[in-house]
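Residue numbers (our numbering), protein chains in the order written: chain A, 1 to 180; chain B, 181 to 338.
No lab work stands behind these hints, which were simulated from the structure alone.
Predicted model, so just to flag it, every value in this text is computed and none were measured.
It cannot be assumed that every hint is accurate.
Stated by the list, open to error - A few chain A residues that face chain B, going by a derived Cβ cut-off under 10 Å, partial list only:
#1 12
#2 34
#3 39
#4 41
#5 100
#6 126
#7 130
#8 133
#9 136
A virtual CB, placed ideally from N, CA and C, is assigned to each residue, including glycine.
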Amino acid sequence: MAPRLKLFLPLILFVVLAAFLFRGLSLDPQALPSALIDRPLPEFSLPVLGQERLIGKGDLIGEAALLNVWATWCVSCRVEHPYLLQIAQEGVPIYGLNYKDDDAAAARWLADLGDPYRANIADREGSLGLDLGVYGAPETYLVDAEGVVRYRHVGVVDERVWQTILQPLYRELTGQGSGG
Amino acid sequence: MRLLLQVALLCLLLLSFNARAVIETYEFSDPELEQRYRQLSTELRCPKCQNQNIADSNAPISQDLRKLLHQQLEAGADDDEILDYMVSRYGEFVRYRPRFSGATAILWLAPLLLLLVGIAAAVLTLRSRRSQRQAAGPLSRDDEQRLQDLLGKTEKDS
Numbered sequence: 001m002a003p004r005l006k007l008f009l010p011l012i013l014f015v016v017l018a019a020f021l022f023r024g025l026s027l028d029p030q031a032l033p034s035a036l037i038d039r040p041l042p043e044f045s046l047p048v049l050g051q052e053r054l055i056g057k058g059d060l061i062g063e064a065a066l067l068n069v070w071a072t073w074c075v076s077c078r079v080e081h082p083y084l085l086q087i088a089q090e091g092v093p094i095y096g097l098n099y100k101d102d103d104a105a106a107a108r109w110l111a112d113l114g115d116p117y118r119a120n121i122a123d124r125e126g127s128l129g130l131d132l133g134v135y136g137a138p139e140t141y142l143v144d145a146e147g148v149v150r151y152r153h154v155g156v157v158d159e160r161v162w163q164t165i166l167q168p169l170y171r172e173l174t175g176q177g178s179g180g
Numbered sequence: 181m182r183l184l185l186q187v188a189l190l191c192l193l194l195l196s197f198n199a200r201a202v203i204e205t206y207e208f209s210d211p212e213l214e215q216r217y218r219q220l221s222t223e224l225r226c227p228k229c230q231n232q233n234i235a236d237s238n239a240p241i242s243q244d245l246r247k248l249l250h251q252q253l254e255a256g257a258d259d260d261e262i263l264d265y266m267v268s269r270y271g272e273f274v275r276y277r278p279r280f281s282g283a284t285a286i287l288w289l290a291p292l293l294l295l296l297v298g299i300a301a302a303v304l305t306l307r308s309r310r311s312q313r314q315a316a317g318p319l320s321r322d323d324e325q326r327l328q329d330l331l332g333k334t335e336k337d338s
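Produce the entire structure from the sequences given, and follow the hints as far as they go.
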């Protein structure tokens, strides 16, 4: 029995290895688990883009909202922009985090392409981005009414991402938030 | 005159121009801090360009992290504080030497396990070989006879 088992050992090893490699094909190595999931947003106090006033964590709390990290130098942000306009029109509150950008360029972008954001946080140095663990734009965080980060999506938010991932979570949060 | 020019041109060839270093340099108040900066920046992994540490990477996020590392070192933070700070933002992923936990146990223990498996395999193989040799034992009378015949035959031939 033992020698026959030994004969099949290479085959067994191959099958195990192939199973792991096959699984690896469908994994996205860029998708990192966020360290911030189910933890409150970090405290911050940064200027609102194009305004004199400051905005802080308290201004974002109150209802479930999206926090979208974007910049004018980010090509994919332009790709997702029309879709953000669309979901903002459907009534989803979106806050912008203008990440390491030039204020004038950002204002021009919003004037030209439309403004889906409730307000834009001007994070010129990327300090809030650092606290959020942002490593590239675009990134979109789903924050609940208490200011706890519930989900983070790295990359473009398009119809597929919104309908399959973000919207179900958002509905769940707003359903709980309004008591219905 | 021409020789002089030739020599001058040859000398020009000897000059090498370093590729402009892409990585910025930081001034440290203490050489010991610089040492720790080197060590930590090779141990921290760039979250964007996944197979580089932040010392080698020129991604904007790595530049930010190096700047932050420099600030924290100068502010007097110890290594654990800095690593905790990074891990709380970018997750355990950011460390090339992750902490021992349920998820990383296989990383830490796999070499030891493989070594044990190897030793076990070697011991088993050697033992089975020895027992095979012992099982062979002395030759039977028939075999002895055949051996003698064969030996005698070769002697005759030569």
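Going through the hints against the structure:
1. 12: It is violated, given that the least Cβ distance between residue 12 of chain A and chain B is near 14 Å, above 10 Å.
2. 34: holds, 7 Å
3. 39: holds, 9 Å
4. 41: Status violated, d = 12 Å.
5. 100: This hint holds: residue 100 of chain A lies near chain B, its Cβ roughly 7 Å from the closest one there, short of 10 Å.
6. 126: Nearest chain B Cβ about 6 Å off; hint holds.
7. 130: holds, 6 Å
8. 133: Holds: closest Cβ of chain B sits about 4 Å from residue 133 of chain A, inside 10 Å.
9. 136: At 5 Å from the nearest chain B Cβ, residue 136 of chain A passes the 10 Å test, so the hint holds.
Hints 1, 4, counting from the list given before, are not met by this structure.
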